[in-house]
Structures are given as C-alpha cells and as structure tokens.
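Numbered according to my numbering, the sequence shown spans residues 136 to 230.
Listed next, the in silico EDC-like pairs over lysine to aspartate or glutamate satisfying Cα-Cα at most 20 Å (straight line):
| # | residue 1 | residue 2 |
| --- | --- | --- |
| 1 | Lys144 | Asp197 |
| 2 | Lys219 | Asp200 |
| 3 | Lys144 | Asp200 |
Label-pair restraints from in silico Cβ distances:
| # | residue 1 | residue 2 | range |
| --- | --- | --- | --- |
| 4 | His149 | Thr213 | 19 to 25 Å |
| 5 | Thr179 | Asp218 | 17 to 23 Å |
| 6 | Ala174 | Thr213 | 17 to 23 Å |
| 7 | Arg170 | Gly225 | 17 to 23 Å |
| 8 | Asp211 | Ser171 | 18 to 24 Å |
| 9 | Asp154 | Thr179 | 33 to 39 Å |
| 10 | Pro181 | Ile140 | 24 to 30 Å |
These aren't lab readings, by the way, just hints derived from the structure by calculation.
Quantities reported herein were computed from a predicted structural model and do not represent experimental measurements.
Note that beta-carbon positions come from the ideal geometry of N, C-alpha and C, so glycine has one too.
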Amino acid sequence: MAIKIAIEKLALQHGDLNDFLEVLDKNSVELVPVRSREASDVATLPSVHQQAASGAGGRHQDPFDRLIAAQCLRYDLTLVSVDKQFDAYGVRRVW
136 MAIKIAIEKL ALQHGDLNDF LEVLDKNSVE LVPVRSREAS DVATLPSVHQ
186 QAASGAGGRH QDPFDRLIAA QCLRYDLTLV SVDKQFDAYG VRRVW
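Using the sequences provided together with the hints, build the complete structure.
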C-alpha cells in the first residue's frame, strides 16, 4: 500500500497510511505478509485480460494485483475490493 500511495495509484480518503493501519488494528483486520511461495505463484496465474475505461483491452499485468490474487488463492482468502479484475482469477471478493 505504501508503494501504491507513493506512486499515486492509491489515495486514502481520510488520514494517512498510519491512520489506516490503526483502523485495521482496531477492527482486527490482519495483513498477509508476502512470502516466497506467493511470489512464485504469480508466475502460474492465468493470463487475464482487463478492460480499460477507454474500452481498450489488454493483459492485466499489475504486479501488486497479481500478488494479491496469488495470496487469496493460496490461502483461500476473501478479498475486500471493488476491483472486478480479481474475479477473472477466481478470487472470492466482496464489496
């Protein structure tokens, strides 16, 4: 998340990253650390195509999203996200 915020791909609506992490702690939300297993799982994910707002399509290559998908699949986790791109990987998603 810190990288996404730094490259302006993620904006928090209220407060900063530390405030957000504090809210997660208060609500017993557990962050999943990145391990080498998930990193190697990324290579086995299917090639998924994305649809851009412009209508143009292309291969979904966001390495962060692919890593999140790999973690969800490996540990049978439900992802809290509005991003429908994860559905194509078979990730269970709510929001």
